[in-house]
Amino acid sequence: MSFDVSRAGAAASDRPRELIAIRAVCKSFGHTRALHQVSLVGRSGTVHAITGENGAGKSTLMKLLAGVDAPDAGELLMDGRPLRLHSPAAARSAGISTVFQELTVLPNLTVAENLMLGREPTRLGWLQRGRMLAEAQAVLARIGITLDPQRACGSLSIGEQQLVEIAKGVSTDASVFIFDEPTAPLNRAEVNQLEALIQALKAQGKLVFYISHRLDEIFRLCDTVTVLKDGQHVATEPIAALTPDRLITLMVGRSLQALFPPRAVPGPAGTAAPLALDVRSLTPLAGGARARLQLRRGEIVGMGGLEGQGQREIVRALAGVLRPHDSDIQRSGRDGKREAFDPRDGVVRIVQQGVGLIPEDRKLEGLYLELPIADNVWLGALRGLGLMRAAPREGRLV
Numbered sequence: 034m035s036f037d038v039s040r041a042g043a044a045a046s047d048r049p050r051e052l053i054a055i056r057a058v059c060k061s062f063g064h065t066r067a068l069h070q071v072s073l074v075g076r077s078g079t080v081h082a083i084t085g086e087n088g089a090g091k092s093t094l095m096k097l098l099a100g101v102d103a104p105d106a107g108e109l110l111m112d113g114r115p116l117r118l119h120s121p122a123a124a125r126s127a128g129i130s131t132v133f134q135e136l137t138v139l140p141n142l143t144v145a146e147n148l149m150l151g152r153e154p155t156r157l158g159w160l161q162r163g164r165m166l167a168e169a170q171a172v173l174a175r176i177g178i179t180l181d182p183q184r185a186c187g188s189l190s191i192g193e194q195q196l197v198e199i200a201k202g203v204s205t206d207a208s209v210f211i212f213d214e215p216t217a218p219l220n221r222a223e224v225n226q227l228e229a230l231i232q233a234l235k236a237q238g239k240l241v242f243y244i245s246h247r248l249d250e251i252f253r254l255c256d257t258v259t260v261l262k263d264g265q266h267v268a269t270e271p272i273a274a275l276t277p278d279r280l281i282t283l284m285v286g287r288s289l290q291a292l293f294p295p296r297a298v299p300g301p302a303g304t305a306a307p308l309a310l311d312v313r314s315l316t317p318l319a320g321g322a323r324a325r326l327q328l329r330r331g332e333i334v335g336m337g338g339l340e341g342q343g344q345r346e347i348v349r350a351l352a353g354v355l356r357p358h359d360s361d362i363q364r365s366g367r368d369g370k371r372e373a374f375d376p377r378d379g380v381v382r383i384v385q386q387g388v389g390l391i392p393e394d395r396k397l398e399g400l401y402l403e404l405p406i407a408d409n410v411w412l413g414a415l416r417g418l419g420l421m422r423a424a425p426r427e428g429r430l431v
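Counting from 34, one number per residue, gives the positions in the sequence shown under this note's numbering.
No lab work stands behind these hints, which were simulated from the structure alone. Here the structure is a predicted model, which means the values were calculated and not measured. Just so you know, nobody snuck in bad clues.
With a cut-off of at most 25 Å between alpha-carbon atoms, the simulated DMTMM-like pairs for lysine to aspartate or glutamate come out as follows:
1. K396 / E214
2. K370 / D359
3. K262 / E86
4. K262 / E250
5. K262 / D213
6. K396 / D102
7. K262 / E108
With beta-carbon atoms standing in for the labels, derived distance ranges:
8. R287 / D408: 37 to 45 Å
9. S72 / E135: 25 to 33 Å
10. D181 / G387: 42 to 50 Å
11. L404 / H358: 33 to 41 Å
12. S188 / G88: 30 to 38 Å
13. D181 / A306: 49 to 57 Å
14. R247 / G177: 18 to 26 Å
15. T65 / A322: 43 to 51 Å
16. R279 / G369: 45 to 53 Å
Every residue gets a Cβ at the ideal spot worked out from N, C-alpha and C, and that includes glycine.
Start from the sequences, fold in the hints, and give me the full structure.
Written out as C-alpha cells, the structure reads:
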C-alpha cells in the first residue's frame, strides 16, 4: 500500500510551528484528581507521544482536546488562539480528529455514508448518492486506503474500521489527529498499514498525538514524548534524547532492574499449585495448530504472540463460545477430583463448571448497554429462574 503525500509539499518543508498549546490544565471527577497543572506544546508535522502508566491521565488529557470533557482550569490554544470545545462536534469543526479505542463508525452504514455523515451532498433536498460515493472514493484514494465505499462498516475488520475513522478526519481537512492506543486490536499487517498512514499524515504537516505505552511503537514512530504520572506532567523530551531505560524510569518513577522480574510460584515452597484445567490437546479450528497447556490455581497465565496467531480461538474454545474441532481436557475440582471438560458441551455447561469469559469487545459480546447494571450482573443467574421466581434484588449486589 502506498500513501499520497503529494499535498505535503510546502507543509513538510516548513519549520514545525506551535499548533496546539495546553497550559496548566486541571481536571477532576468527583474527588479524583485526573489532571493537575499539565502543560505541553504540539507542533505541526510531528508525531507526539503521550505515555505513562495506566491511570496517568493520558486519555483524560486527550479527551479535553477531543471536546469530550472540559478542563476545570487552565486553557487550550490552537494557532495561538483560545480553544473552547463544548462538544466533540466543536472539536471536529476546529480541525481536531480523534480515533478512540472504542470506534465511532456506525456498523449499519456503508463506508461512504460514515465518511460523509452530516455532510451528505444534496440537491433540492435529495441525497446525491453518486456524488457521495465519488467524494468518499476520492478521500480513500487520497490516503491510499483500498476499501469499497459501498461496503457496510459492520463487515470490516477492526483495523479497517480504524482506517475509516482516520479517513473521516482527512475528509474534513483536520490538522490535528489523536490516536488512543490504536494498535491494541490490530494484527501485524494492520499495524504496518496504520504506521504508514501516520507517517503520511506527518508528511502533510499534520500534528499527531499518539497515546501508547508500547515502547517499540514510540521509538519507531514518534518525534517527541510527553510523560504523565498520577495526572501530572513529568517530562517532555525529543525521542532522540531518550533511551528505553530512561523512558521507563520517567514513566514508573524508578529504575527497573528487570522488565520481567521472577515471581513466587503459587502453593507451598517447592510444590506446584493444584491443576485447575489440564489441556492435553485442543484444536480450535480444523487444520489449525494443536494447543497444550496446564492452568493451575492461583496463577495468571499469559498467552503471547502477534494478533491473529490463534490466542483468541484458544480462549474462546475453552470458554465454550467456539466449538473446537477436537479436545482432550480435564478439570480438577477443589477437592482434587478430576472430571471430563468438553467445550463442545456449550457455554451454559462450561459456566456451571466454573469457567467464564471476559470478551475483548465488551459492548457487543459482554454487556447489554440498555439494561441497568443490576440486570447485567444477574444475567447469568436468570436462566435458572422459573416463571414464578423473582430475580435477585439490586441491594444484594452491594
